[in-house]
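Q: Here is how the chains run, residue by residue.
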Amino acid sequence: MRSIASLLGRRVLQALLAALFVSSLCFFMVRFLPGDIAFDIASGRYGQEMTTQAAAAEVRAELGLDKPMAAAWLSSVSALARFDLGRSYTLGKPVWGLIREQLGHTLQLSGLAMLFSLLIGPPIGIIAALRPGGLVDRLNLLGSALLRALPPFATGIILIIIFAASLHWLPAAGHTQRGTIILPALTLALGLAAVSSRVVRSAMIDVARSAYFHFPLTKGLPLSTVVLRHGVRNMAVPVIAHLAMQFVYLIEGAIVVETLFAWPGIGHALSHAVRERDIPLIQGAVLVMAILFVLFNMVIDLVLVALDPRMRAG
Amino acid sequence: MKGGCTRRDMLLGAVGLGGLLCGCSPGEQTADREFLIVEASHPTKREPTSAGKFYALMGIAETLVNVDDRGHISTGLALHWEMSADGLEWRFDLRPGAHFHDGTPVTAEPVVRMLERARKRPGVMHVVPIAAIAAHEGRVIIRLATPSALLLPVLAHDSTIILAPASFDAADQAVQVIGSGPYRITGITEQEVAVEAWERWGGVPPAIHRARYLSAARPETRALLSESGQANAVFDLDWPSERRLRDAGHVHIVDIASPRTTLLKLNVGHPFLADLRARQALSLAVDRLAIATGLFGNADRAATQLLPEFFTDWHDKNLPRLHTDVAQAQRLLAELGWQPGADGILLRGDERFALKLLSLATRTDQPLITAALQQQFRRIGVEISVIPCSPAEIVAAHRDGTLELAMFARNHMMVANPVAVLMQDYAKGGADWGAMGWNNPDMIAALQTLASGAAPERAAALRQQIVQTLQAELPVIPLIFNRRIAAFDKRLANVQVDALERSYNMAAMRWAD
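So the protein lines, in turn, are chains G and X. Taking the working numbering, I'd label the letters of the first sequence as residues 1 to 314. Taking the working numbering, I'd label the letters of the second sequence as residues 1 to 513.
One thing to keep in mind: the hints can contain errors.
[Claimed, not checked] Simulated pairs of lysine-lysine, DSS-like, Cα-Cα distance not exceeding 30 Å:
(1) Lys-120/X / Lys-490/X
(2) Lys-67/G / Lys-93/G
(3) Lys-93/G / Lys-356/X
(4) Lys-317/X / Lys-428/X
(5) Lys-120/X / Lys-356/X
(6) Lys-120/X / Lys-53/X
(7) Lys-428/X / Lys-356/X
(8) Lys-120/X / Lys-67/G
(9) Lys-53/X / Lys-93/G
[Stated by the list, open to error] Reference listing, derived: stretches of chain G covered by chain X, where coverage requires no fewer than 3 residues with Cβ under 8 Å from a Cβ of chain X:
(10) 30-39
(11) 159-170
(12) 173-181
(13) 185-199
(14) 292-305
Derived from the structure by calculation, the hints contain no laboratory data. Small disclaimer: the values here were computed from a predicted structure and weren't measured. Even for Gly, the Cβ is constructed at its ideal location relative to N, Cα and C.
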């Protein structure tokens, strides 16, 4: 129990440090971007043709952009300490409300992508591992290499062309029509499954070479039973540890995939916020992502502890 | 979009995801069919002075007066108006029976409130010398300090849309959009807006009852939404997408002239560009026809003067066309003392004819044009380095004087009279989206006379003077005339595309099947 408490304590401290670090980093990166921040915000508010010096002057006065940078940073950090994410510079709405809505869409998309990837990657990896060098293993290697080499943008376009434009089975983009989540989730899932199938394969090969896997086989248990009872749980430890890494891919991929599929998630909103230098929205979005990343790692740690008794002991 | 149980429905049912189960209907009626319209812009903002264009396009909000597709003023929320004999007072009568979507009547008070609100913010209202706006006996009264021909065009601008008072919170922040147009909002998210026909709309009831707008930032997504049949109308298509859709033949393509011109903004105060001959040489180096045909498949897009034929009053067919003559361009630069260096780039003493070109990173057509320009300018010994940027960087570079060249598309009918835009762009010393370091007092005087109002013959002469000055002095170099390209579902009838980007004309369309 003490080791679990210490693990949780470490992760909470990590989350607090991550919050301070990423929000400050975002603040300074956006402020040090070339060009005048007031013009970018005015462009976000009024559009290209209405971006004029008068509009920028109004923005500068309203948001106090002439204040010294150190004072502006301190004020932003103290607001965060009060859990006040502020209002979006360009939309005028409370950042927390915007993030809550967008994050919900992103989590929905990421969750389904993860589910699809678990349905695709591990079964293929297990089948490939049962006959290393066999046809399935070689096809898996080729498919993984291809899918990993393709950026999510290209995978998404290919899926839209096949399933929406040619077969008319699924909608091409959007988020309110029925089935719009499937293609963006599949785009992300294929990228995830490309790697997870190989991780599962390696883990499964290690398990298949072990004595505890061969013993029940020699007793006469069917292969499927042995895989399910002795294989899956043992190979799950490295595979679940790998899931934590995949969260990074999901965040990175979400920005591209949400834009391509017109999905109103946090990645898409973040790309707009960066372009319009909407500091409160960028800080809020990155902060939430960083905390989620820490939380996700914490959950993975707890699952690993539950799966592997050796970790509980030590 | 089709009746019965489609393969799409069956697949969704097979996937078995919550809420996505097969929803087969006995047969879809056109009255129930939802119209999906797709463009790039985001419906994220509620503030009318910045997001008014979207709400006007969707037929959700109206302006006091309107503009027809040729740019002529027509009725909007105001059915009649009159001007006092001295031209200083304008009186507007509102359309009887007009109601906002919350059921409140459209009276003079909310109209005055909205116009006053727009006046306090940056925007086009400032080009008109408005002294006061008031409500009097149900009429909207606008008093001017001096007569202005720009009042009606400015009142038609989408930043002056009229919303119900309930659209704003106590701090005057727009929290919802309650307009008075033929469609009212039924749902709004970051990227989609659902509307339905407003039953108290006073005009012809729309045949399309339900519609949805989807914002798709990528041109590839927009094209595939059209190709897949998911979207019924898709705007802002790029040329490769248009060609692909045209070849596929599933949709009806509309390609019309637009009032936008892609132009090269020059810093006329720059030592390399201050002499007119240098600007002429750059213009002569540009092969507009090659760009228009090679990159956009349409020779008519070569910009032979600043304003396209769309502006019948402002396009002078007798004006000598901007053309390509590399040898003449080289002679002009030689007259200015420029000589080719070892690598072919011109040198003058210690100076090398190298310039930075700011190009909008968000426009997919601009990298193609800048790549062509780099090669074409190199033929006359001018080196261009292209810097992708945001619109704000162009404005900021204009302000701090570091801008050398910039490329963007300018909508000269942003206000329904080009004088309003030209007055801003070619004022003394230039402006953000026009000239830079250029000054022509005669042209400014001509624009001011037109803004105040001039007799038709005098106005025509002044317009000709302005067009000729811009062609001769080249404070900016016109490159390409833009087009408004859209793809429509073939089941739609009465499809009309508004070149002025003021309306999707949804209320006028109907299902043909």
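Q: Within the region 173-181 of chain G, is the number of residues with a Cβ closer than 8 Å to a Cβ of chain X three or more?
A: holds (count 8)
Q: Check whether the Cα positions of Lys-53/X and Lys-93/G lie no farther apart than 30 Å.
A: 20 Å, holds
Q: For the pair supplied as a hint, Lys-93/G and Lys-356/X, is the alpha-carbon distance within the 30 Å limit?
A: 38 Å, violated
Q: Would you check the hint for Lys-120/X and Lys-53/X, treating anything up to 30 Å between C-alpha atoms as holding?
A: 18 Å, holds
Q: With a cut-off of 30 Å on the C-alpha distance, tell me whether Lys-120/X and Lys-356/X pass.
A: 37 Å, violated
Q: Is the Cα-Cα distance between Lys-317/X and Lys-428/X 30 Å or less?
A: Answer holds: Lys-317/X to Lys-428/X is near 28 Å, not above 30 Å.
Q: Take the region 30-39 of chain G, compare each residue's beta carbon with every beta carbon of chain X, and decide whether three or more fall closer than 8 Å.
A: Since three or more residues must qualify, the claim that chain X covers the region 30-39 of chain G holds, with 4 doing so at under 8 Å.
Q: Is the listed coverage of the region 185-199 of chain G by chain X valid when you require three or more residues with a beta carbon under 8 Å from a beta carbon of that chain?
A: With 0 residues close enough to chain X, the hint is violated.
Q: Need the status of pair Lys-67/G, Lys-93/G: alpha-carbon distance at most 30 Å?
A: 22 Å, holds
Q: Are the Cα positions of Lys-120/X and Lys-67/G separated by 30 Å at most?
A: With Cα atoms ~24 Å apart, Lys-120/X and Lys-67/G stay inside 30 Å; holds.
Q: Are three or more residues of the region 292-305 of chain G within 8 Å, CB to CB, of chain X?
A: Our answer is that it is violated, as 0 residues pass the Cβ test (under 8 Å) against chain X, missing three.
Q: Are the Cα positions of Lys-120/X and Lys-490/X separated by 30 Å at most?
A: Between Lys-120/X and Lys-490/X the Cα gap is close to 45 Å, so the pair fails against 30 Å, i.e. violated.
Comparing the model with each numbered hint stated earlier shows that hints 1, 3, 5, 13, 14 do not hold.
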